[in-house]
Amino acid sequence: MTFPGGKRCAVCLTFDFDAESLWLAREPENAGKLATLSQGRYGAKVGIPKILELLRADGLKGTFFTPGWTVDNHPDKVEAIVRDGHELGHHGYVHYWPDPAQEGQMLDEVDRGLEAMQRRFGVKPVGYRPPGSESTHYLLELLTQRGFLYNSCFKDDIHPYRHVLRDGSPGLIELPEHPSLDDWSYGTSHLRFPRPIFGTDHVLGIWQDEFRVIREWGGVYVLVMHPQVTGRPMRMEILRRFIAFTRQFDDVWYATGQEIAEAFAAQEQS
28 MTFPGGKRCA VCLTFDFDAE SLWLAREPEN AGKLATLSQG RYGAKVGIPK ILELLRADGL
88 KGTFFTPGWT VDNHPDKVEA IVRDGHELGH HGYVHYWPDP AQEGQMLDEV DRGLEAMQRR
148 FGVKPVGYRP PGSESTHYLL ELLTQRGFLY NSCFKDDIHP YRHVLRDGSP GLIELPEHPS
208 LDDWSYGTSH LRFPRPIFGT DHVLGIWQDE FRVIREWGGV YVLVMHPQVT GRPMRMEILR
268 RFIAFTRQFD DVWYATGQEI AEAFAAQEQS
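With the numbering used here applied, the sequence shown has no gaps in its numbers, which climb one by one up to 297 at the end.
No lab work stands behind these hints: they were computed from the structure.
Computed from a prediction, not measured in an experiment: that's the story for all the values here.
A virtual CB, placed ideally from N, CA and C, is assigned to each residue, including glycine.
Accuracy of the hints is not assured; some may be wrong.
[To be verified] Derived lysine-lysine pairs resembling DSS-like cross-links, with alpha carbons at most 30 Å apart:
no.	residue 1	residue 2
1	K88	K72
2	K60	K77
3	K77	K34
4	K151	K182
5	K88	K77
6	K72	K60
7	K88	K151
8	K34	K182
9	K151	K77
10	K34	K88
11	K182	K88
12	K151	K72
13	K182	K77
[Unchecked claim] Label-pair distances were calculated between CB atoms; the ranges are:
no.	residue 1	residue 2	range
14	L192	Q145	22 to 28 Å
15	G149	V240	37 to 43 Å
16	K60	D194	41 to 47 Å
17	F276	D228	18 to 24 Å
18	P31	Q172	26 to 32 Å
19	D138	P102	15 to 21 Å
20	A58	R222	22 to 28 Å
21	T163	A271	38 to 44 Å
22	K60	G33	50 to 56 Å
23	P102	H229	33 to 39 Å
24	L192	L61	39 to 45 Å
25	Q132	E80	34 to 40 Å
26	V240	P31	19 to 25 Å
27	T29	A58	47 to 53 Å
Let's have the full structure, built from the sequences with the hints guiding it.
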């Protein structure tokens with residue numbers, strides 16, 4: 028795909044605003060574990076205000092993939108996202124991971140999330156990122172039926188492309204992402220699943236190196252962040268420095284997921 032204004036590549040800043048839902052979906056017993064839940068609450072309490080402040084200062088728009096649970100339990104923070112003109116994307120309802128054997132659960136996740144966004148803010152999202160960044164044939168078909176424009180969770184390209192459904196019909200546009208550009212890979216740990224937390228130079232080095240080559244290849248750089256991770260003090264500095272680094276190049280298109288998908292769709296038709 029080519030980018031508006033002759034730009035060489037696109038940068039899409041995305042945020043999975045899970046809040047506490049991430050800690051509840053796969054481990055419902057966490058409902059009574061207040062310190063565990065507080066990790067998710069940090070994303071709403073501190074992360075979102077700090078991220079919005081940074082984006083406002085840089086004049087950038089992001090895409091916030093938000094579960095319906097977060098919409099219902101942190102409406103003031105979601106309202107702030109909408110008020111600042113950012114894109115509100117769909118991220119399930121209680122962050123249940125798609126399971127090919129649980130089609131009813133996937134249907135519930137999609138429809139309850141849509142209902143929450145419509146009821147609270149009158150928003151019908153066009154982009155979907157499945158919880159856990161997983162997908163199934165059924166889910167892609169369901170999202171197409173529900174009128175979504177794009178999906179963002181596959182890892183098989185650095186360029187947008189159009190899914191083909193099982194019956195051969197066209198599906199959603201895909202905006203691929205990758206764990207190397209996901210803050211969760213570097214910035215969180217858990218007592219049950221401990222793993223190392225990486226510092227500024229390590230993460231920034233990977234993100235910058237990936238950007239250099241994606242720019243050379245004329246691709247789309249989809250950065251995946253979570254307010255409960257990137258909202259931490261050091262992680263905010265990583266994001267600030269990464270944005271400053273990309274600003275050295277005058278051929279970068281900073282766009283929301285919706286803007287990229289709409290540009291791709293328009294080029295398909297031309």
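Cross-check of the supplied hints:
Distance restraint check for K88 and K72: the Cα-Cα separation of roughly 20 Å lies within the 30 Å cut-off, and the hinted pair is therefore satisfied. The hinted pair formed by K60 and K77 meets the criterion: a straight-line CA distance of about 26 Å does not exceed 30 Å. Among the hinted pairs, K77 with K34 is consistent with the structure: their alpha-carbon atoms are about 29 Å apart, no more than 30 Å. At most 30 Å may separate the alpha-carbon atoms for a hinted pair to count; K151 and K182 meet this at roughly 26 Å.
For the proposed pair K88 and K77, the alpha carbon gap of about 14 Å is at most 30 Å, so the pair holds. Note on K72 and K60: the hinted pairing holds, with a Cα-Cα distance of about 18 Å set against a maximum of 30 Å. A threshold of 30 Å between alpha carbons decides the hint, and for K88 with K151 the separation of about 18 Å falls inside it, so the pair holds. The suggested pairing of K34 with K182 holds, with an alpha-carbon distance near 23 Å, which does not exceed 30 Å.
About 26 Å separates the Cα atoms of K151 and K77, which keeps this hinted pair within 30 Å; it holds. Restraint check: the Cα-Cα separation between K34 and K88 comes to about 17 Å, which is no more than 30 Å; the hinted pair holds. At roughly 23 Å between alpha-carbon atoms, K182 and K88 fall within 30 Å of each other, so this suggested pair holds. Simply put, K151 and K72 have alpha-carbon atoms about 25 Å apart, close enough for the 30 Å limit, and the pair holds.
With a C-alpha separation of about 29 Å, the suggested pair K182 and K77 falls inside the 30 Å cut-off, and the hint holds. A beta carbon spacing of about 25 Å between L192 and Q145 agrees with the range 22 to 28 Å that was offered as a hint. At roughly 41 Å, the beta carbons of G149 and V240 sit within the given window of 37 to 43 Å. Checked against the given bound of 41 to 47 Å, the beta carbons of K60 and D194, roughly 44 Å apart, stay inside it.
For F276 paired with D228, a C-beta distance near 21 Å keeps the hint of 18 to 24 Å intact. Checked against the given bound of 26 to 32 Å, the beta carbons of P31 and Q172, roughly 30 Å apart, stay inside it. Checked against the given bound of 15 to 21 Å, the beta carbons of D138 and P102, roughly 19 Å apart, stay inside it. For the pair A58 and R222, the beta carbons lie near 24 Å from each other, so the given range of 22 to 28 Å is met.
Between T163 and A271 the beta carbons are some 39 Å apart, a value that agrees with the proposed interval 38 to 44 Å. Look at K60 against G33: about 52 Å separates their beta carbons, and that is inside 50 to 56 Å. Between P102 and H229 the Cβ separation comes to about 36 Å, which falls inside the hinted range of 33 to 39 Å. The given range of 39 to 45 Å is respected by L192 and L61, whose C-beta atoms sit roughly 43 Å from each other.
For the pair Q132 and E80, the supplied restraint of 34 to 40 Å holds, since their beta-carbon distance comes to about 36 Å. Taking 19 to 25 Å as the suggested C-beta distance range, the pair V240 and P31 conforms, at roughly 22 Å. For the pair T29 and A58, the beta carbons lie near 49 Å from each other, so the given range of 47 to 53 Å is met.
Every hint from the earlier list agrees with this structure, and none is contradicted.
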